[in-house]
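Participant: Please construct the entire structure, taking both the sequences and the accompanying hints into account.
Residue numbers (the numbering used here), protein chains in the order written: chain A, 1 to 424; chain B, 1 to 282; chain C, 1 to 258.
Label pairs and their computed distance ranges (CB to CB): (1) A:Lys163 - C:Leu245: 39 to 47 angstroms; (2) B:Ser92 - C:Leu248: 22 to 30 angstroms; (3) B:Arg200 - C:Val237: 41 to 49 angstroms; (4) C:Arg59 - B:Val192: 49 to 57 angstroms; (5) C:Val237 - B:Leu133: 27 to 35 angstroms.
Below, in silico cross-link-like pairs of lysine-lysine (DSSO-like), each with a Cα-Cα straight-line distance of 30 angstroms or less: (6) A:Lys372 - A:Lys384; (7) A:Lys222 - A:Lys184; (8) A:Lys222 - A:Lys339; (9) A:Lys55 - A:Lys83; (10) A:Lys344 - A:Lys402; (11) C:Lys254 - A:Lys194; (12) A:Lys163 - A:Lys184; (13) A:Lys402 - A:Lys339; (14) A:Lys194 - B:Lys171; (15) A:Lys82 - A:Lys194; (16) C:Lys254 - A:Lys184; (17) B:Lys171 - C:Lys254.
Just so you know, the hints here were simulated from the structure itself, not pulled from any lab data. Every residue, glycine too, gets a C-beta built ideally from N, C-alpha and C.
Each chain, letter by letter, is given below.
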Amino acid sequence: MYQTPAIAGSPVLTVRKNVLTVRRNVLTHQRKRDILVDVAPGRPNTRRRQSGKLKGSEVRIDGVDKAFGEFPALIDVSLTVKKGEFFSLLGPSGCGKTTLLRIIAGFETPDVGSVLIDDVDILPIPPNRRHVNTVFQSYALFPHLSVFENIAFPLRLRGLGEKVVTQRVESYIELVRLHGQARKMPSQISGGQKQRVAIARALINEPDVLLLDEPLSALDAKLRQQLLIELDTIHDSVGVTFIYVTHDQQEALSVSDRVAVMNLGRVLQIGAPFEIYEQPADEFVANFIGDTNIQPAVVTSVEGELSRLDAEGLGPVVVTCDVPPEPGHTVRHTIRPEKIRISKKRPEGLAPNTNILQGLVDERIYSGFQSKFFVELPSGYVIKAFQQHARFLDDGPEIEWKDPVWVWWNANDGYVVTPRGGDE
Amino acid sequence: MRNRSGGLYTAPVTVWITVFFVVPLAIVVLYSFLEKGLYGGVRYRFSLDAYRALANPLIIRVAWTTFRIALVSTIGTVLLALPAAYYIARSSRRTMLLVLIIVPFWTNFLIRVYAWMAILGTNGFLNSILLSLGIIGEPVRFLYNQWAVIVVLIYTSLPFAILPLYASIEKFDFTLIEAARDLGASRFAAIVRIMIPNIRAGIVTAILFTFIPNFGEYAVPQLVGGRDSFMIGNVIARELTVTRNWPLAAAMALIITVITAGGMVVYSAANRTRGRGSGRRV
Amino acid sequence: MSTKSGFPRFVYIFVTFFLIAPLIVLVVASFNASRSMQWERFSLEWYRRLFFQSRDLWRAVRNSVVIALSSATVATIIGSLAAIGIRWGRFRLKSYVQTVTLMPLLLPEIILGVSLLIFFASIGVPLGLGTIFIAHTCFNLPFVILIVLARLEEFDFSIIEAAYDLGARERDTLIRVIVPVSMPGILSAFLTAVTLSLEDFVITFFVAGPGSTTLPLYVYSAIRFGVSPVINALSVVMIAVTVALVLLARNMLKYIAK
Ligand SMILES: Nc1ncnc2c1ncn2[C@@H]1O[C@H](COP(=O)(O)OP(=O)(O)O)[C@@H](O)[C@H]1O
Ligand SMILES: [Mg+2]
Chain A
1 MYQTPAIAGS
11 PVLTVRKNVL
21 TVRRNVLTHQ
31 RKRDILVDVA
41 PGRPNTRRRQ
51 SGKLKGSEVR
61 IDGVDKAFGE
71 FPALIDVSLT
81 VKKGEFFSLL
91 GPSGCGKTTL
101 LRIIAGFETP
111 DVGSVLIDDV
121 DILPIPPNRR
131 HVNTVFQSYA
141 LFPHLSVFEN
151 IAFPLRLRGL
161 GEKVVTQRVE
171 SYIELVRLHG
181 QARKMPSQIS
191 GGQKQRVAIA
201 RALINEPDVL
211 LLDEPLSALD
221 AKLRQQLLIE
231 LDTIHDSVGV
241 TFIYVTHDQQ
251 EALSVSDRVA
261 VMNLGRVLQI
271 GAPFEIYEQP
281 ADEFVANFIG
291 DTNIQPAVVT
301 SVEGELSRLD
311 AEGLGPVVVT
321 CDVPPEPGHT
331 VRHTIRPEKI
341 RISKKRPEGL
351 APNTNILQGL
361 VDERIYSGFQ
371 SKFFVELPSG
381 YVIKAFQQHA
391 RFLDDGPEIE
401 WKDPVWVWWN
411 ANDGYVVTPR
421 GGDE
Chain B
1 MRNRSGGLYT
11 APVTVWITVF
21 FVVPLAIVVL
31 YSFLEKGLYG
41 GVRYRFSLDA
51 YRALANPLII
61 RVAWTTFRIA
71 LVSTIGTVLL
81 ALPAAYYIAR
91 SSRRTMLLVL
101 IIVPFWTNFL
111 IRVYAWMAIL
121 GTNGFLNSIL
131 LSLGIIGEPV
141 RFLYNQWAVI
151 VVLIYTSLPF
161 AILPLYASIE
171 KFDFTLIEAA
181 RDLGASRFAA
191 IVRIMIPNIR
201 AGIVTAILFT
211 FIPNFGEYAV
221 PQLVGGRDSF
231 MIGNVIAREL
241 TVTRNWPLAA
251 AMALIITVIT
261 AGGMVVYSAA
271 NRTRGRGSGR
281 RV
Chain C
1 MSTKSGFPRF
11 VYIFVTFFLI
21 APLIVLVVAS
31 FNASRSMQWE
41 RFSLEWYRRL
51 FFQSRDLWRA
61 VRNSVVIALS
71 SATVATIIGS
81 LAAIGIRWGR
91 FRLKSYVQTV
101 TLMPLLLPEI
111 ILGVSLLIFF
121 ASIGVPLGLG
131 TIFIAHTCFN
141 LPFVILIVLA
151 RLEEFDFSII
161 EAAYDLGARE
171 RDTLIRVIVP
181 VSMPGILSAF
191 LTAVTLSLED
201 FVITFFVAGP
211 GSTTLPLYVY
221 SAIRFGVSPV
231 INALSVVMIA
241 VTVALVLLAR
251 NMLKYIAK
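Facilitator: As structure tokens, this is what we get:
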């Protein structure tokens, strides 16, 4: 199993660096520069981060069940969110993400189980006295208050003086880049701006944990991307623990330190984004995260790390496994489409342990940065293979509909998972 | 507030409405089963006299008259209100057109009735015009009959029918009409088969908002009606204040209540089939 | 549809004419020197009598205003609270509250009048301004609840949860979020209640006692027992006052909604 490279004192920071590096690689130069400017030294938050002082808290959820009438919304949910972590709850709509978040916020009470923040049981504490704040999916801005007053609301409740309020609110307006919008009413600003107000308002009390319930789902794709990056930056600068709910795997994978994948009220897997993607715990996770070719397969023989399987539709395949499966068992063999190569000519000099199959192109979908091929194998099974267009006008011999092609992948790229998960 | 404190917030209204509405209604039910007192009021002895008195042909005739007046005025109101509401909903100057409908309601109901009396009276506006034009030789007696009651009732109910109709037509998606026309429906067929079913809740509301008050009307027949337009409301008032048969008045009030409740059941049935969400956050 | 809707338009014009014509007749008649509808000459006589020789009438106006303001105030306060509870509360008796509070709106007015009269008589409460106040509050409540509820429907529970989440206590939520957010609804509920109360005749007719004549009762008896053209003048003044009040209220609402 993958281990968090734990270094005493700043375990999370190390992970964050990795994640940031990975993400930034996909960004354009312009975007990269923006981010560098954002986290440039001199900003108070950066200093906090440099000093390695995290204000966030650890959240431990243990054996939580919650039913609405007969309907079990959460079943034996246990997870621990580390101090200052950017933690995502990922799962299809209706799987219980919001319910879990509302339990942490205090709007629902679990039937059994415990919720601890920094080892303190918070279940008896009412929502208004928990050091946890929420960014609501619907924004939930107060329609009668201006942007400034919305953000100032928690401070007003505490009866802080005008000067302190103004100062604090302005610094948070700065943080979420809402300069010049302070006097507008919620009805006069855009969706993205509303979301920023909601974030600033939730952060101004300096909570130990910030809960975000699909905060970007109401925004269009471009804006979502931009706000996601800003959210990440904000997380870096304030150092609060973020628990982020989403049904969008791209969102979860791109910013989280760790992700919990949920289905039908259960947590199926908790891990870093690449673990979830590359080493899915079961069939559901494999299917839900990204695109994949997944087929039932019977284990025929095992030789050390290398297993031979008889996969439905594919025939005999070889795959390497850290933990070899039992011969004779039925498992699921999965291979990600982008790991499959495709060509009209039979490839020469293949590495050992390469699976290679022949088929006809059933469909080709061009989508700019890549082409998706749906190749029909002699068995009738249609396998997906994605080809990246990494260079200008360079995608080898043009492959067309009905072309006979070869598809191949290395045993190292295949993966074996247990059947289903969550909904048996 | 929290969900749990909902009871606290509603407590004053609950108490108020229980004491001043539910209890009085219960007393009405009770009174209808008692003997009438000598000078009004009741004697606390069980009796079905009031219900027997209801079988009196005179009262049955009044009930029938009341029903007929309420029905005719409701039909007239809805038939006028439907096209008018349609026109408002399809216009680009909705607000102004609506205001014109509502403006008359900025004056007292009795004064509007009085205006009609001034128009329809023997020395009234209409008669003086008709006389001066020589269309009639002597004043016509427009007032103090059933038709005067019906006209005035239509007049007073029109806005109450137009507003709910307008609200539902406004929400109606007119591309459905275009779709129906596209599929070969005539304009009339499209309206009858597509629009009317879709604005059913508005129509039912309009009918109830007209029929129920008109069925229990008191003032209009009192002012512009005659012998042929004595309605249940007038009988109830007479039994309460003149004849002083309170159990009978109570029994009649009860009957109106039951009929209204029946109408309400129809109404909620018509609304329920439209399936309204409860608006829970997800 | 693109075609000119000729028939609906014709009906609309007819209906509008039907609704407004009587008022025009009244205005004209109020400036007519003659007692009949026959035009004689322009005169302000009826207005003079209205303002200087109609003591009973002005007493009725005062009664009406007192009742309207007091019953509207009480109905608005307790009705708005109830609307909040109905909108967001989950409690026993909720369906009872929802049904029963709306019934006075749906039943013919005469039922409320009769049942209150019998009720007051059976427990020996003397009829007067007090009983009128109670009756008016009763029929104002459903309107207040519906209007405030309609406003509250525009917001979901999350704004209240947000307030809690940010540290508000029950009282803060009420004062800083719920009431300000509902304010346009509360104000229009209040204005509606005042209007309904000023307007009511039937219910008042049953529960009024000696000395508690309201304006509609006064108008009613004036119509029944000898119409004086003073009534015409009064009507015109009332129209003018209402129009002024409505305009004022609209502007006020617009100002507050902002
Ligand atoms: N208050 C409630 N009453 C009844 N069912 C609820 C309630 N809240 C949530 N549910 C149900 O619980 C399940 C999980 O809901 P939720 O946590 O909102 O899912 P998600 O946020 O993952 O989409 C859903 O099937 C939903 O219908
Ligand atoms: Mg959700």
